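Asker: Chains as they are written, first to last, in our numbering: chain D, 1 to 367; chain L, 1001 to 1272.
In case anyone wonders, no lab produced these hints; they're calculated from the structure.
Bear in mind that the values here come from a model prediction, so they are computed numbers and not experimental data.
Don't take each hint at face value.
[Said to hold, decoys possible] Derived DMTMM-like pairs (lysine to aspartate or glutamate); straight-line CA-CA distance at most 25 Å:
1. D:K355 - D:E316
2. D:K355 - D:E328
3. D:K355 - D:E267
4. D:K157 - D:D14
5. D:K249 - D:D259
6. D:K108 - D:E120
7. D:K108 - L:E1168
8. D:K289 - D:E328
9. D:K289 - D:E316
10. D:K106 - L:E1167
11. D:K355 - D:E257
12. D:K289 - D:E358
13. D:K350 - D:D279
14. D:K106 - D:E120
15. D:K289 - D:D197
16. D:K157 - D:E63
17. L:K1164 - D:D98
18. L:K1164 - D:E57
19. D:K157 - L:E1168
20. D:K350 - D:D325
21. L:K1164 - D:D73
22. L:K1164 - D:E137
23. D:K249 - D:E186
24. D:K108 - L:E1167
25. D:K4 - D:D67
26. D:K106 - L:E1168
27. D:K157 - L:E1167
28. D:K355 - D:D245
29. D:K249 - D:D98
30. D:K157 - D:D169
[Stated by the list, open to error] Residues from chain D that keep clear of chain L, each with C-beta distances beyond 12 Å, as calculated:
31. R51
32. E63
33. A89
34. N99
35. G103
36. P128
37. G131
38. R181
39. D220
40. D245
For every residue, glycine included, the Cβ atom is placed at its ideal position computed from N, Cα and C.
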Amino acid sequence: MPAKDAIISIQNVDKHFGAFQAIHSVSMDIRHGEFFSLLGPSGCGKTTLLRMLAGFEPASSGEIYIDGAPSADIPPHQRPVNMVFQNYAIFPHLNVRDNIGYGLRKQKLPKAKRNAMIDEMLELVALPGYGDRRAHELSGGQRQRIALARALIVRPKVLLLDEPLGALDKQLREQMQMELRNLQREVGITFVFVTHDQEEALTLSDRIAVMSGGHVLQVDTPSGLYETPNSREVASFIGTMNFFDATVKGRANGHAELDVQALGRVELPVNGADVGPGDRVCVAIRPEKLSLHDEAPACGAPSVAGTLAATAYLGERSHFHIRADGCERPIAVAAQNSAVQTGGEKAEGKSVWLKAPEEALILLGND
Amino acid sequence: MSDVSYIQRPNRPLQIYACVFLFVLYVPVLFIPLFSFNDSIYVRFPLQGFTFEWYGQLWARDSLWDALYASVRLGICVAVISTILGVISARAITRYRLPGSSAVVTFIMLPLVIPGIIFGVALLVLMSRMGVPLSLYTVGIGHLIVCLPFAVAVLLPRFEGFDKSMEEASADLGENGWWTFWRVTFPIVWPGVVASLLLTFTISFDEVIMAFFLTGTEPTLPMYIWSQLRFPREFPSVLALSSIILFVSFALVFLALWIGRFGSVSATKELE
Chain D
1 MPAKDAIISI QNVDKHFGAF QAIHSVSMDI RHGEFFSLLG PSGCGKTTLL
51 RMLAGFEPAS SGEIYIDGAP SADIPPHQRP VNMVFQNYAI FPHLNVRDNI
101 GYGLRKQKLP KAKRNAMIDE MLELVALPGY GDRRAHELSG GQRQRIALAR
151 ALIVRPKVLL LDEPLGALDK QLREQMQMEL RNLQREVGIT FVFVTHDQEE
201 ALTLSDRIAV MSGGHVLQVD TPSGLYETPN SREVASFIGT MNFFDATVKG
251 RANGHAELDV QALGRVELPV NGADVGPGDR VCVAIRPEKL SLHDEAPACG
301 APSVAGTLAA TAYLGERSHF HIRADGCERP IAVAAQNSAV QTGGEKAEGK
351 SVWLKAPEEA LILLGND
Chain L
1001 MSDVSYIQRP NRPLQIYACV FLFVLYVPVL FIPLFSFNDS IYVRFPLQGF
1051 TFEWYGQLWA RDSLWDALYA SVRLGICVAV ISTILGVISA RAITRYRLPG
1101 SSAVVTFIML PLVIPGIIFG VALLVLMSRM GVPLSLYTVG IGHLIVCLPF
1151 AVAVLLPRFE GFDKSMEEAS ADLGENGWWT FWRVTFPIVW PGVVASLLLT
1201 FTISFDEVIM AFFLTGTEPT LPMYIWSQLR FPREFPSVLA LSSIILFVSF
1251 ALVFLALWIG RFGSVSATKE LE
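Please construct the entire structure, taking both the sequences and the accompanying hints into account.
Answerer: Here it is as structure tokens:
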């Protein structure tokens, strides 16, 4: 049985299309009222999973509970979920009002009540006065709002959104992200949002499921995914990450003693990773957690000597690539330009020192 | 230098060709209305004088009106049935992953290339073996075979042209398959349905070969015309009648094409 606070509970779900397995035993809970994202590259199964929630694709095995009830035998038109389609699927033969009011037929409302509900929705998506327009008279962003209003008017328990911002240009996209987040808070409905854009997922979501090749790799909050990824794949998919090969030398009270390439001996908490002495593992650190120094730092944090291979000035911050002995790939470093920068100081070819604070290092099993 | 591109530049030989083509195509047909106003029972030049007599005579012929009534009834029934069957097939072909669906489409379209006389003879043999008396119903069955490929050919692009997610969106918003069809699918393919109705009606109305083999005691209008050709005195009236049919057929086909095109233009706009 699903957990109490779960509006959707996916349990050991597989999905096959002929010989191809699109979803590999996925299990997760989506809680009441949260903004939940399915994040992954195209073809990772996130849209398939969303379509299974909507009822358009049956699960090959496993069970999906929606609001506590098993959903396998519930057809799409009886599910308490609604979907915003990737292409919005605005009905071309109806005007905006009739599109928004489409799902109200069964409620047999008096005309005035129906109109009031549609007006309220037009107000909510900031399109009052657009009621008589046809689909082809609307811009992409307007269609998107109509699709939202059309789905929200029937008061679903969960709103499913299939890359709804994918077709919009960058500026409109950022504006719609904010509106979507505010809308979700306002209506208090659980949103399940599919996207391949990690920045979008980080900005919008309460929690994110990272998917790849039909597997769910990690389900966590945005900061959880960024700060404590549980695998090399998640770490490299979200943001930029530096990886160092390492060998486990020993384990003691929840810590592993490691011999890390370029960094030397380090002791890190294992965080449940299944490692034993002699294992080849991997240590990761975010570019902005490294600090750049002109001279060898005093003892303390692990440090690396190297030469500047490339620098990029990005306004509020700078990116550096540093070539270090014992590392085949350059190490990425990001630094805030909080002090005034003058040219020449960070010239390429200059020798520098990197300091890696031990608490910022992450131990990852080598998968 | 010309300010239009190479591809848009007028091409004199092609224009002449187009004019000659249309001339050769339609001039023989124009003789029919021309002689239908000629004050002589013989179809030959020089024209004798202008008259409406042959048109007037049409009013007095009860058997003609019976035949016309039979053809209209038949045409409407055949148009409605073949369009309904066409809608069902087009939807099945475009929406479901059927094994061998391309073979199914080929078989539906086959009557377009198989000579009508073969179907006519085959149906006649079948009907007489089964002991079914020839009547308007047997003609109707023959016409259905002729009309169904046209109905499917007109409807299939309409069904292919619209997005499956429209139907999914309707289901998602709480409508079952039946309501989804009436509230979403049918309105979107409606221009194709109208075009199919008009086209199949016209085909049934004009059809001779199937009717020739399968007509019972009630002749269709083309069969009536055929029977009148034996009497030279009746010929001018036949010309008058043919002129009217010609005009109405042209009007219906143009209407069908126009509605079809109008519908697809607005559909493309909406999909942008």
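Asker: Give a verdict on every hint.
Answerer: Going down the list of hints, with the structure as the test:
1. Taking the CA atoms of K355 (chain D) and E316 (chain D), the gap is near 21 Å; set against the 25 Å cutoff, the hint holds.
2. The hinted pair formed by K355 (chain D) and E328 (chain D) meets the criterion: a straight-line CA distance of about 19 Å does not exceed 25 Å.
3. Pair hint K355 (chain D) plus E267 (chain D) holds up; C-alpha atoms about 16 Å apart against a cutoff of 25 Å.
4. As the CA atoms of K157 (chain D) and D14 (chain D) are separated by approximately 24 Å, the hinted pair is consistent with the 25 Å bound.
5. Restraint check: the Cα-Cα separation between K249 (chain D) and D259 (chain D) comes to about 7 Å, which is no more than 25 Å; the hinted pair holds.
6. Distance restraint check for K108 (chain D) and E120 (chain D): the Cα-Cα separation of roughly 18 Å lies within the 25 Å cut-off, and the hinted pair is therefore satisfied.
7. The hinted pair formed by K108 (chain D) and E1168 (chain L) meets the criterion: a straight-line CA distance of about 22 Å does not exceed 25 Å.
8. Pair hint K289 (chain D) plus E328 (chain D) holds up; C-alpha atoms about 20 Å apart against a cutoff of 25 Å.
9. Distance restraint check for K289 (chain D) and E316 (chain D): the Cα-Cα separation of roughly 16 Å lies within the 25 Å cut-off, and the hinted pair is therefore satisfied.
10. Restraint check for K106 (chain D) and E1167 (chain L): satisfied, since their Cα atoms lie roughly 17 Å apart, inside the 25 Å limit.
11. With a C-alpha separation of about 19 Å, the suggested pairing of K355 (chain D) with E257 (chain D) holds against the 25 Å cut-off.
12. Distance restraint check for K289 (chain D) and E358 (chain D): the Cα-Cα separation of roughly 10 Å lies within the 25 Å cut-off, and the hinted pair is therefore satisfied.
13. Taken as a hint, the K350 (chain D) and D279 (chain D) pair is broken in the structure, with Cα atoms around 36 Å apart against an allowance of 25 Å.
14. Between K106 (chain D) and E120 (chain D) the CA atoms are separated by roughly 19 Å; this keeps the pair inside 25 Å, and the hint holds.
15. With a C-alpha separation of about 23 Å, the suggested pairing of K289 (chain D) with D197 (chain D) holds against the 25 Å cut-off.
16. Only pairs whose Cα atoms come within 25 Å are accepted, and K157 (chain D) paired with E63 (chain D) is accepted, the gap being roughly 18 Å.
17. Between K1164 (chain L) and D98 (chain D) the alpha-carbon distance is near 20 Å, which keeps this suggested pair within the 25 Å criterion.
18. Proposed proximity of K1164 (chain L) and E57 (chain D) is supported: the alpha carbons are some 14 Å apart, at most 25 Å.
19. Distance check on the hinted pair: K157 (chain D) and E1168 (chain L) sit about 18 Å apart at the alpha-carbon level, within 25 Å; holds.
20. Restraint check for K350 (chain D) and D325 (chain D): the C-alpha separation of about 14 Å stays at or below 25 Å, so the hint holds.
21. The suggested pairing of K1164 (chain L) with D73 (chain D) holds, with an alpha-carbon distance near 22 Å, which does not exceed 25 Å.
22. For the given pair, K1164 (chain L) sits about 21 Å from E137 (chain D) by alpha-carbon distance, which is consistent with the 25 Å threshold.
23. A hinted pair counts as satisfied when its Cα atoms are at most 25 Å apart, and K249 (chain D) with E186 (chain D) does not qualify at roughly 53 Å.
24. Restraint check for K108 (chain D) and E1167 (chain L): satisfied, since their Cα atoms lie roughly 22 Å apart, inside the 25 Å limit.
25. Our distance criterion of 25 Å between C-alpha atoms is met by K4 (chain D) and D67 (chain D), whose separation comes to about 9 Å.
26. Only pairs whose Cα atoms come within 25 Å are accepted, and K106 (chain D) paired with E1168 (chain L) is accepted, the gap being roughly 17 Å.
27. As the CA atoms of K157 (chain D) and E1167 (chain L) are separated by approximately 21 Å, the hinted pair is consistent with the 25 Å bound.
28. Pair hint K355 (chain D) plus D245 (chain D) holds up; C-alpha atoms about 17 Å apart against a cutoff of 25 Å.
29. Only pairs whose Cα atoms come within 25 Å are accepted, and K249 (chain D) paired with D98 (chain D) is rejected, the gap being roughly 68 Å.
30. Our distance criterion of 25 Å between C-alpha atoms is broken by K157 (chain D) and D169 (chain D), whose separation comes to about 30 Å.
31. A beta-carbon of chain L is positioned within 12 Å of the beta-carbon of R51 (chain D); the least distance is around 9 Å.
32. Annotated as non-interface, E63 (chain D) keeps its C-beta farther than 12 Å from every C-beta of chain L; the closest such distance is 21 Å.
33. Non-interface call for A89 (chain D) relative to chain L: violated, since the shortest CB-CB distance, roughly 4 Å, does not exceed 12 Å.
34. The beta carbon of N99 (chain D) is not kept farther than 12 Å from every beta carbon of chain L, the shortest such distance being approximately 9 Å.
35. With a closest Cβ-Cβ approach of about 4 Å to chain L, G103 (chain D) is found to fall inside the 12 Å limit, against its non-interface label.
36. For P128 (chain D), the requirement that its beta carbon stay farther than 12 Å from each beta carbon of chain L is met, with the minimum near 22 Å.
37. Consistency note on G131 (chain D): stated as away from chain L, and its beta-carbon is indeed over 12 Å from all of that chain's, at 17 Å minimum.
38. Its beta-carbon lying about 23 Å from the closest one in chain L, R181 (chain D) satisfies the requirement of being farther than 12 Å from that chain.
39. Its beta-carbon lying about 29 Å from the closest one in chain L, D220 (chain D) satisfies the requirement of being farther than 12 Å from that chain.
40. Once the 12 Å rule is applied to beta carbons, D245 (chain D) is consistent with being away from chain L; the minimum gap is 47 Å.
Hints 13, 23, 29, 30, 31, 33, 34, 35 from the earlier list are contradicted by this structure; the remaining hints agree with it.
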